[in-house]
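Same order as they appear, the protein sequences are chains A and B.
Quick note: the first sequence uses our numbering, first residue 5, plus one each step.
Quick note: the second sequence uses our numbering, first residue 5, plus one each step.
The set of hints was computed from the structure by calculation and includes no laboratory data.
A few of these clues could be false.
Each pair may be met inside one copy or between any two copies, as identical chains are not told apart.
Pairs of lysine to any residue, SDA-like flavour, derived with a Cα cap of 20 Å [stated by the list, open to error]:
#, residue 1, residue 2
1, K37, E337
2, K37, L331
3, K220, A119
4, K50, T62
5, K37, R151
6, K50, G369
7, K50, G15
Just so it is clear, the structure is predicted and the values come from calculations on it, not from any experiment.
2 protein chains.
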Amino acid sequence: MIWQVGLLGLGTVGAGTAAILGDPAGRHPLLEKLHLRAVGVRHLHKPRHLSLEPGVLTTHLESIATDPEIHIVVELLGGLEPARTLILAALQHGKHVVTANKAVIAHHGAEIFTAATAAGRYVLMEGAVGGGIPIVQPLKQALGANRLHTVMGIVNGTTNYILTRMAQEGADFAAVLQDAQRLGYAEADPTADVDGWDAADKIAILASLAFGERVKRESVVCEGIRAVTATDIAYAERLGYVIKLLALAYQRPAGLDIRVHPTLVPQAHPLASVNGVNNAILVGGDPLGEVMLEGPGAGAGPTASAVVGDILTAAAALEAGLGFHPLLSCNHEGFAETLPLAQIASRFYVRLLSQDQPGVIGQLGTCFGRHAVSLESIVQIGHQEGLAEIVVITHEVNHGQLQAALEDIRALAALQSVPSLFRVL
Amino acid sequence: MIWQVGLLGLGTVGAGTAAILGDPAGRHPLLEKLHLRAVGVRHLHKPRHLSLEPGVLTTHLESIATDPEIHIVVELLGGLEPARTLILAALQHGKHVVTANKAVIAHHGAEIFTAATAAGRYVLMEGAVGGGIPIVQPLKQALGANRLHTVMGIVNGTTNYILTRMAQEGADFAAVLQDAQRLGYAEADPTADVDGWDAADKIAILASLAFGERVKRESVVCEGIRAVTATDIAYAERLGYVIKLLALAYQRPAGLDIRVHPTLVPQAHPLASVNGVNNAILVGGDPLGEVMLEGPGAGAGPTASAVVGDILTAAAALEAGLGFHPLLSCNHEGFAETLPLAQIASRFYVRLLSQDQPGVIGQLGTCFGRHAVSLESIVQIGHQEGLAEIVVITHEVNHGQLQAALEDIRALAALQSVPSLFRVL
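The shape of chain A in the complex, shown without the other chains:
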């Protein structure tokens, strides 16, 4: 039996996927039993560096989702619509679905997986997080014996590239962003990447897989990298840290602690040396301990590797003629209780500018102490335009307490401003 595949979208990842399907030699032998029957695109006659069988291209995306000859629909359109509608249509028409679309899964996962379970079909999404890194399937299968408590990592290549270059060159965010756009590492509208939305989509998906509950995308605390300055990167380095955009999810006794933000990572931590466009995801649990999976987080090749891996998994399920497979399907019911921002605890890095006069450090210490914010260090680290620049690293404290202390501090006569506030891993 030949398993017919329908592809929605022929952008970078779509073209990479079609290229693998058209050139199966030397890969898993099951690829020989797959046939790319239809490819849905917006423009039929756009020039493409890819040879497809004649008649495969169509602009009728809906017809691919409903074609009774097609067994597996691969959604690589990105964005929420029409991706959501086409995925639901494909499931209703009895197809397994493979997608690399983190946004549609993070925002409409509950609806999509409910429909998949009702239809007795799978929605596989290895390519949605971490590009070529195998992480979705290990969370669903090989790591399933664990009580996982942590999943975190660097899941956005664009921001990691920008932060890596800022650190290497001592350059500021705006200049590096512009250069990254010129080189194709950042989009013309970089919002989804630099404001952390893409990373928030991905950590919502990872947390849901790791902890076995649905996660509302809007409950992810999300802060991007626009506020990271060359100054902070330099000070962090002097204190033994690098600044990374981390996506973090912890299963806490009081609920799910889930967030995306720039983070001071100790230089010896394995995530500190993940540079450039690479991604890395760290999974912690009992009795596993910690594993870290690192690799190319985006790009045609790596993401197509993940997408075709999922197509193979779907084809294998078809080939085996199996009933509903409990490790491939989603068995989540409720939504996770997430912690509100004020109750999320972490260490913090605070950079302050104040009048350069005796007693300031004492006044700061008093304000922190009043709100039970315990300090790891407080250092006058430099001068800037006649003002003293003071860097504080706190012990672990709730965000709410820290904000209350900073409110008192902002009212101090000597204080000029609080230019930076970041979390510390």
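Got chain A; can you put chain B on it based on the hints?
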């Protein structure tokens, strides 16, 4: 339906496996459908820190492999026999088999997987390589779309622990080994670890999975770490390298290049910073690029995590009532053609002791040149007991050519000895 599990062996990993099966809350819900029906041990009345249902323990291992009520047999005895016989018996009696036994798979894999295919059952072995790191399943599934060309890594925790401590303390092999034995990081008989046999078993398994062909264990070129000295570690560091015991397999045009040996790894390479008992495996292919998976390579918890992950996979297959699953089963037919040692190319590090007299470096250069061994650097790096200590790093060259050059060099009047010869990544 409850799926009955029979466990062979109740050592560290066996006890860890039983502990997870006895405490399923907060893990994958499928664990609730598993029941540990029988545990085969050598001594019934040995004290154990584990509460098992009464009547579960037995010394009749064979009865577990043949019990018609048991669906999944978990072999955690280690070693070749009786593991091999019991695995074959379990397959003949229609059970899926889970094992963490690298030796029996590396030496008897062809026989075992042939029997599994004939019986329509699976032999799963995530725990055999890399402890808790998900690597076997990704190679079989998520990475299956790729043409893999490289799989390499640090797959033996004992030797990595010894080399890490030697590097950190400037200590010699014998002293660190003794201390590692005292602390329980090395066995009383450390041969399988320090001579590279364990790593050779594992790379034979990984290469077979990555390249889709059977690999004869005896064709793995294998060299342990007994010859690594504190001197070499110090010189390597000065040249920008750390010394690691790497297991490497490359799919070359002329055949499989597979070996285990101490290796100078550039300090910036991701494997260079994998320290202590951690393992890490790097997989390279097209269109994936490279991914690296790192984590605890041994120990009760991590290995039990992998073993129970496989039990879940087997139970899911039973639950789904499926036919034979092409990604879980082994579809290898032939054996890989492996390259003989003389034809294996790599860079080399050679340390030589010679009379401290002018012209020696010229004579060495001439000998290397005569055998077309091109040099990256040749440095008189120090003195030892009145002799000049010279370190040579070659460009990539066949082992045969290098040996021919060294034969000429050993015949030089000024040469005292060639204390060290290692490969460079």
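Outcome of the hint check:
In this assembly of identical chains, the alpha carbons of K37 and E337 lie at most 20 Å apart only when taken from different copies (18 Å versus 35 Å within one copy). With identical chains, the CA atoms of K37 and L331 are at most 20 Å apart between copies only, with a shortest distance of 13 Å across copies and 23 Å within one. In this homomeric assembly, K220 and A119 come within 20 Å of each other (Cα to Cα) only inside a single copy, at 17 Å, whereas the closest approach across copies is 47 Å. Taking CA atoms no more than 20 Å apart as the test, K50 paired with T62 passes inside one copy only; the shortest distance there is 12 Å, against 70 Å between copies.
In this assembly of identical chains, the alpha carbons of K37 and R151 lie at most 20 Å apart only when taken from different copies (17 Å versus 37 Å within one copy). For the identical chains of this complex, K50 and G369 are neighbours neither inside a copy (64 Å) nor across copies (59 Å), given an alpha-carbon limit of 20 Å. Within a single copy, K50 and G15 get their C-alpha atoms as close as 11 Å, which meets the 20 Å cut-off; across copies the closest is 63 Å, which misses it.
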